[in-house]
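Undergrad: Chains A and B supply the protein sequences, listed in that same order. Going by my numbering, the letters in the first sequence line up with residues 1 to 366, in that order. Going by my numbering, the letters in the second sequence line up with residues 1001 to 1366, in that order.
Honestly, I wouldn't trust all of these hints.
Straight-line alpha carbon distances no greater than 27 Å define the calculated DSS-like cross-link-like pairs of lysine-lysine that follow [said to hold, decoys possible]:
1) A:K355 with A:K184
2) A:K80 with B:K1322
3) B:K1167 with B:K1123
4) B:K1322 with A:K102
5) A:K102 with B:K1310
6) A:K191 with A:K167
7) B:K1102 with A:K310
8) A:K279 with B:K1080
9) A:K152 with A:K279
10) B:K1279 with A:K80
11) B:K1279 with A:K102
12) A:K322 with B:K1072
13) A:K279 with B:K1072
14) A:K102 with B:K1255
15) A:K322 with B:K1102
16) A:K102 with B:K1313
17) B:K1310 with B:K1255
18) B:K1024 with A:K279
19) B:K1102 with A:K279
20) B:K1104 with B:K1058
21) A:K355 with A:K310
22) B:K1279 with A:K104
23) A:K322 with B:K1080
24) A:K255 with B:K1104
25) A:K204 with A:K19
26) B:K1102 with A:K313
27) B:K1322 with A:K104
28) A:K167 with A:K19
29) A:K80 with A:K2
30) A:K104 with B:K1310
31) A:K80 with A:K104
32) A:K310 with B:K1104
33) B:K1255 with A:K104
34) A:K322 with B:K1104
35) A:K24 with B:K1279
Hints were generated in silico from the structure; no laboratory data involved.
There are 2 protein chains.
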Amino acid sequence: MKLHFSQADLAEGVNIVLKAVPSKTTMSILECILIDATSGEIRLTANDMELGIETVVKGTIEEHGKVALDAKIFSDIVRKLPNSIVTIDSDDRDLTVITCEKAKFDIPGRNAEEFAALPMIDKNDHISLSQFSLKEVIRQTIFSIAPNENNKLMTGELFEIRNGILKVVSLDGHRIAIRNLELKESCSDRKVVVPGKTLNEISKILSGEMDDQVLIYFDYNYLLFEFGRTTVLSRLIDGEYFRIDQMLSSDYDTKVILNRQAFISSIDRATLLVRENDKMPVILDIRDEVMDLQINTALGSMDEETAIVKTGKDIVIGFNPKFLLDALRVIDDEEVSLYFINAKAPCFIRDDDGKYIYLILPVNIR
Amino acid sequence: MKLHFSQADLAEGVNIVLKAVPSKTTMSILECILIDATSGEIRLTANDMELGIETVVKGTIEEHGKVALDAKIFSDIVRKLPNSIVTIDSDDRDLTVITCEKAKFDIPGRNAEEFAALPMIDKNDHISLSQFSLKEVIRQTIFSIAPNENNKLMTGELFEIRNGILKVVSLDGHRIAIRNLELKESCSDRKVVVPGKTLNEISKILSGEMDDQVLIYFDYNYLLFEFGRTTVLSRLIDGEYFRIDQMLSSDYDTKVILNRQAFISSIDRATLLVRENDKMPVILDIRDEVMDLQINTALGSMDEETAIVKTGKDIVIGFNPKFLLDALRVIDDEEVSLYFINAKAPCFIRDDDGKYIYLILPVNIR
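Okay, chain A solo, but in the shape it has when bound (with noise of 0.2 Å):
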């Protein structure tokens, strides 16, 4: 196999694909980046078995072949490559050269063979949308799934499409994020928990464009993503998700409106005092046109008011102060509504028109 490429569209290609290089696996051969000449175009892959990318890259093909490199050293070369014309010449034995004006380097490629094929996929249903919308609907949700494995399907986010709306859910225990996104074309109704891994990884190379559409495609197993020449194929968690709507409610006996930012840096202020894996609640006074948040540790105390409008009851409650900073900082109103029911009962913050609910258990402040 002989290859030409210009360095900058060759590192681009790796740096898309490395995302699904594994960082530990027993499998050796997962560590590679395969790269497939052996049609008319240039392949890139990698695969971790449950996340698989494949992406094309322009080059000129000398001569035809495939073979599989070590992921790490394979791109730390490309990275550092001048910016002129790389050529990937490997032999019978897989040993490959990498030249680019007067460096050279040989390294060891494994066979090609060994490297496990991305699945085929039934491409027959889909949804479209553009690569800004599933950037930033990841980015609202991702923060509430759980981090370990004790629940798998806590680690991963709900997409269920319903009556042309998809919506993304995501709930760790203690929060539940909820993002409806509207589709343009119509598509059946579907139910599937996609990995919070790929949604993570595809999120790093999606452009955030307006303009770039990302077309999913839904198999049984498999969620294939395709957008410009690359392809990111995920694996689905199996189960039945939570019945999320039977933790909603709608009825509230106070509401406050207030300033999304003041409250932010308010939080962050009080949050000064928590030291690391201490626990301490951050507690909302709530009155008449004004909230008292408040904070009492080992290291001191902060109280600050701010100026809110309220209707209903005056309420006092707690709440793990990271939980109302993740769901804040991924809204995008300026102003944002919290509807409270009593001290134990969970708080929600969402909007008039059904865009987004977060939803955020209370801590016990007595």
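Dock chain B against chain A, hints included.
TA: Chain B only, in chain A's frame:
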């Protein structure tokens, strides 16, 4: 004590003295910043007994007094306060209230009398440098001090004044870095060893401006840096520094002139094939007009040719690539000259004006 500051002024002052707060100490009072407003100005001080920093902060004294506050909490609070007027109010029991707009923090303070005051220094003999020159000369030498304390003298840098020249030297047993700086004013000859930690910290708070001056005062056990409203006091390292003059030689059998940036890029690429903790040398094969840089590791091999101007004998010599990179990166010249005697003798990188000498020991490649 009751004081008023602008948040920006206070944050700047706190940030400066914070550099002298030890990260680990058995004396908890040293984890504090002293606020002293007993006289007409407000001084912040931190002191880890090796390094002390004091700075005067603009502010209004409503009530004189002093207090010591935990540096971490105090600096975190000040940093996160809104850009407005900050009031610090301490009572007789050192309980301290920090207010800014509607935010109010209550934190316990410590008795200022427990704080270890900075020793008084005899301010007779001094030199003056621009902040730019001092910051540069530290950057250009600090990398070759020894990282561990096996030999205390190697963890510091020699500051030697002789005939109106400041010579700064660092060495770690494998290499030596020497910089010479002409002083504008005369000063009596001196030889002191300054702790590397002091130099690292001071270089973070120097402005780096050509027009800002630093005065350096010499006392028996201490060095005092004075610039702007800030004073940095450092204990010196005891003992006689290494006699480096006898390690230097101006004889050579091979001289090479090459483009510094091209050489750096080439070594940079070669080190891609070196795994951490591996100690593989790069080999320079120097012939007429061309230098072939080679490396050979378990991960693969690389070679790259660089155009050079050579006088004298051909030579093949190996180096720890990091040592070459460290020296080359802090030289500003577009072209550098390398001097060799044989494959077992040190290599010198030096300019014709005597501003810098970098000595690097070779690695045995047989």
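Undergrad: Given the proposed pairing of K322 (chain A) with K1104 (chain B), does the C-alpha separation stay at or below 27 Å?
TA: 20 Å, holds
Undergrad: Between K80 (chain A) and K2 (chain A), does the CA-CA distance stay at or below 27 Å?
TA: 20 Å, holds
Undergrad: Run the distance test for K279 (chain A) versus K1072 (chain B): straight-line Cα separation, threshold 27 Å.
TA: 19 Å, holds
Undergrad: Taken at face value, is the distance from the CA of K1310 (chain B) to the CA of K104 (chain A) at most 27 Å?
TA: 23 Å, holds
Undergrad: Straight-line Cα separation of K191 (chain A) and K167 (chain A) no greater than 27 Å?
TA: Measuring from Cα to Cα gives roughly 9 Å; hence the hint holds.
Undergrad: Is K1279 (chain B) close enough to K104 (chain A), meaning Cα to Cα at most 27 Å?
TA: Within the cut-off at roughly 21 Å; holds.
Undergrad: Would the hint linking K1102 (chain B) and K310 (chain A) be met if the CA-CA limit is 27 Å?
TA: 19 Å, holds
Undergrad: Going straight from one Cα to the other, do K1279 (chain B) and K102 (chain A) come out at no more than 27 Å?
TA: 24 Å, holds
Undergrad: Does K1104 (chain B) lie within 27 Å of K310 (chain A) when you go C-alpha to C-alpha?
TA: 23 Å, holds
Undergrad: Need the status of pair K80 (chain A), K104 (chain A): alpha-carbon distance at most 27 Å?
TA: 12 Å, holds
Undergrad: Would the hint linking K355 (chain A) and K310 (chain A) be met if the CA-CA limit is 27 Å?
TA: Measuring from Cα to Cα gives roughly 22 Å; hence the hint holds.
Undergrad: Against the 27 Å threshold, does the CA-CA distance of K1102 (chain B) and K313 (chain A) hold or violate the hint?
TA: Given pair K1102 (chain B), K313 (chain A) holds - Cα atoms ~24 Å apart, limit 27 Å.
Consistency note: the structure conflicts with none of the earlier hints.
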